[in-house]
Amino acid sequence: MSSFNLKGLASVVLVASLSLGLSACFRPLYGPTASGESLQTVLASIDVPEVKWPPALANSGHYLRSELVYLLNGSGSDTPKRYNLKLALQESRSSPVVDTETGTASSVIVGGTLTYTLTSLDGKTVVTQGTATSTTSFDRFPQRFANIRAGRDAEIRLARDLAQQVRTRLSAALATAG
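In short: position in the sequence shown from 1, add 8, done, that's this note's numbering.
Quick caveat, the hints were computed from the structure, so don't treat them as lab data.
Heads up, the beta-carbon is just placed ideally off N, CA and C, and yes, glycines get one too.
Treat the hints with caution; some may be incorrect.
Unchecked claim - Restraint-style ranges between C-beta atoms, simulated for each label pair: (1) V23 / A154: 53 to 59 Å; (2) A64 / G111: 19 to 25 Å; (3) S85 / T141: 29 to 35 Å.
As the list claims (entries may be wrong) - Lysine-lysine pairs mimicking DSS-like chemistry, simulated, CA-CA at most 30 Å apart: (4) K60 / K94; (5) K60 / K89; (6) K132 / K60; (7) K60 / K15; (8) K132 / K89.
All chains, full assembly: derive it from the sequences and hints.
Right, here's the structure in full:
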């Protein structure tokens, strides 16, 4: 019986020592960055310039940029800019379910792929880059204006999700950058 307790104690000591050894490998995402600045200040120093979107992406692009500006600098403070965020958006729509009686789609899936590049303000140094993808859906109705509003709501949800993904990835990259 005492050997069982000894084995259990040895397991606890082993797990505790491994977790203490690994604890130095992790940095809190929203703590100070490697340079000592707060992450919120560094994120607020990212400039998200206006993009001339094609007409098909004008609404989604507007929602996306607005959401990114809010997520990166929600305080509205006038922080000096040190980084530039370049965006490229692709959007697709598919209708997996079609009503056999009317021949119209009963739902639509809106997909989006956002490619982003964070550079220094002069554009010479790439800090990070990546691609965020997301999908959302909406139901179609017999009323035309209900479909327009449902489609717009889906675009807003898609933009919000893509913006949150980009903010998280930028936070991770900038938290470790010196």
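key: Numbers of unmet hints, in rising order   = Of the numbered hints, just 7 does not hold.
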